[in-house]
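*Asks:* Under UniProt numbering, the residue at position 126 of the sequence shown is numbered 126, and the numbers go up by one with no gaps.
Since the hints were derived computationally from the structure, they do not count as laboratory data.
For each residue, glycine too, the CB sits at the ideal point set by N, CA and C.
Heads up, a few of these hints could be off.
[To be verified] With beta-carbon atoms standing in for the labels, derived distance ranges:
(1) K408 to S323: 36 to 46 Å
(2) M357 to Q310: 31 to 41 Å
(3) K318 to E397: 35 to 45 Å
(4) Q88 to L316: 43 to 53 Å
(5) R104 to D359: 28 to 38 Å
(6) T3 to D76: 38 to 48 Å
(7) G18 to D407: 29 to 39 Å
(8) Q310 to D256: 24 to 34 Å
[Stated by the list, open to error] With a Cα cut of at most 20 Å, we get these calculated SDA-like pairs of lysine to any residue:
(9) K420 to T393
(10) K408 to P333
(11) K189 to T19
(12) K420 to R121
(13) K420 to E192
(14) K64 to R121
(15) K64 to P95
(16) K420 to E360
(17) K189 to D205
(18) K195 to S346
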Amino acid sequence: MATFSAAVYQNEFLPDGGTDVNSIVTIECTGAGQAGRTGGGDAGEIIIVDTSGSMGVSNMEAAKTAARAAVEQITDGTWFAIVAGNHQAYLAYPPARAGVGMVRMDPTTRFQAIQSIQTFRADGGTAIGTWLTLARRLFASVPSLGQKHAILLTDGENHNERPEDLDRAISEATGEFQCDCRGVGVQWKVEEIRKVAQALLGTVDIIPHPQLMAQEFSNIMSTAMGRGVADAELRVWAPQGAQVQFVRQVSPQVEDLTSRSVQVNPLTTAYPTGAWGDESRDYHVQVRLAPKAVGQEQLAARIQITIAGQVQAQGLVKARWSSDESLTARINPEVAHYTGQTELASAIQEGLAAKAMGDEATATLKLGRAVKLAAQTGNAEATTRLRKVVDITDEREGTVRLKRAVDKADEMALDTASTKTTRIR
1 MATFSAAVYQ
11 NEFLPDGGTD
21 VNSIVTIECT
31 GAGQAGRTGG
41 GDAGEIIIVD
51 TSGSMGVSNM
61 EAAKTAARAA
71 VEQITDGTWF
81 AIVAGNHQAY
91 LAYPPARAGV
101 GMVRMDPTTR
111 FQAIQSIQTF
121 RADGGTAIGT
131 WLTLARRLFA
141 SVPSLGQKHA
151 ILLTDGENHN
161 ERPEDLDRAI
171 SEATGEFQCD
181 CRGVGVQWKV
191 EEIRKVAQAL
201 LGTVDIIPHP
211 QLMAQEFSNI
221 MSTAMGRGVA
231 DAELRVWAPQ
241 GAQVQFVRQV
251 SPQVEDLTSR
261 SVQVNPLTTA
271 YPTGAWGDES
281 RDYHVQVRLA
291 PKAVGQEQLA
301 ARIQITIAGQ
311 VQAQGLVKAR
321 WSSDESLTAR
331 INPEVAHYTG
341 QTELASAIQE
351 GLAAKAMGDE
361 ATATLKLGRA
371 VKLAAQTGNA
381 EATTRLRKVV
391 DITDEREGTV
401 RLKRAVDKAD
411 EMALDTASTK
421 TTRIR
């Protein structure tokens with residue numbers, strides 16, 4: 001049985017007139033078990049493979065190998081389907097025309113699914129919205145599913161449908177299933193696929209070489225099978241008159257959940273966190289209070305992790321007003337660390353966007369800021385990736401020069417990894 005714990009890190013002291021309370025809440029889950037095995041409903045998996053003409057022979061063969069590797073990781077009893085996508089979405093397996101569009105995994109269906117993957121051919125265009133729409137309908141065809149997850153692979157831009165069509169498909173899929181997205185090669189658009197992954201509580205990354213696809217797919221599916229908690233919510237209670245300014249997941253990656261809030265009651269809002277395995281995640285919560293007199297104190301927030309409305313763990317965020325500057329001026333180390341990590345993600349993305357637009361001055365400024373923040377927060381991985389895009393003169397000051405020749409894959413890897421964070425040292 002899954003067990004959750006919660007720990008709060010903050011400086012609870014506010015100066016006279018102070019209103020904003022910041023806290024980092026660490027939620028840890030142990031004993032999650034396997035997907036579909038813990039009483040939260042069945043688990044469903046859909047593998048979505050780009051079969052457009054741009055995949056070509058080598059990418060297509062590697063994608064087949066990757067899809068097979070993912071199928072091998074799906075545990076028996078899990079409902080699953082295989083979708084082939086180009087300018088349309090095709091149900092490659094099972095061969096259903098109506099009714100239930102998924103089957104349970106067993107030795108026979110595993111063999112049949114692998115045989116169907118072998119028939120994939122690269123042809124046609126790319127319309128990712130249609131792929132998401134078919135996946136949503138397939139999941140909906142199995143009412144017993146409590147956990148729904150997909151892997152989506154593409155190699156190119158979404159040329160064969162209007163942006164608003166993709167946006168609509170993403171909106172309709174939001175809250176219906178989770179989706180980890182991967183792009184192979186360098187012809188796809190990071191911001192386009194990130195938009196899908198963020199809305200569907202998944203991850204986005206680049207697979208720079210086709211031969212790396214199989215291991216990546218195997219790892220993603222193995223992780224999904226280890227998420228025995230189908231769905232959990234982060235709930236934030238704040239006192240009357242207070243305002244929740246934002247709720248962000250800040251580890252293992254930055255995800256702003258603020259706009260995803262659902263009102264539970266007049267004082268409580270809920271934020272989706274998706275499925276959980278044995279893992280730990282950190283959340284940054286900021287609450288704005290009405291100021292009180294020096295010497296007074298108040299409960300600023302009650303932060304809970306819940307499953308089906310039942311509280312699994314909670315942490316309390318407090319506020320105390322003081323005239324002692326040695327107390328009020330302190331910045332909590334965890335809050336400072338993750339504030340820097342969030343700014344680091346924005347600086348990288350804004351810097352690369354400016355570079356793509358030919359605005360070298362802004363790109364140099366933003367990427368220089370990113371180098372400085374990476375150094376300050378101890379994000380060695382970000383520093384390593386940044387070095388492939390800029391020449392660093394002074395890491396501590398963020399003095400950099402843009403490299404004249406940059407491998408496109410390195411630039412995209414920096415972009416996709418920009419939201420990945422490191423824990424405080």
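*Asks:* The structure should be examined with respect to each hint, and the outcome stated for every one.
*Replies:* Checked hints:
1. K408 to S323: 36 to 46 Å: violated (56 Å)
2. M357 to Q310: 31 to 41 Å: Cβ of M357 to Cβ of Q310: about 49 Å, so the range 31 to 41 Å is violated.
3. K318 to E397: 35 to 45 Å: Given about 37 Å between the Cβ atoms, the range holds.
4. Q88 to L316: 43 to 53 Å: At roughly 52 Å between Cβ atoms, L316 and Q88 fall inside 43 to 53 Å, so the hint holds.
5. R104 to D359: 28 to 38 Å: With Cβ atoms ~53 Å apart, the hint is violated.
6. T3 to D76: 38 to 48 Å: The hint (38 to 48 Å, Cβ to Cβ) is violated, given that T3 and D76 are roughly 26 Å apart.
7. G18 to D407: 29 to 39 Å: violated (48 Å)
8. Q310 to D256: 24 to 34 Å: Given range 24 to 34 Å: holds, Cβ gap about 26 Å.
9. K420 to T393: Not satisfied, since the Cα-Cα distance of roughly 24 Å exceeds 20 Å.
10. K408 to P333: Violated. K408 to P333 sits at ~36 Å, over the 20 Å cutoff.
11. K189 to T19: Measuring from Cα to Cα gives roughly 41 Å; hence the hint is violated.
12. K420 to R121: violated (34 Å)
13. K420 to E192: Holds, at about 18 Å.
14. K64 to R121: holds (10 Å)
15. K64 to P95: holds (18 Å)
16. K420 to E360: violated (25 Å)
17. K189 to D205: holds (11 Å)
18. K195 to S346: At roughly 15 Å apart (the allowed maximum being 20 Å), S346 and K195 satisfy the hint.
In summary, the numbered hints that this structure violates are 1, 2, 5, 6, 7, 9, 10, 11, 12 and 16.
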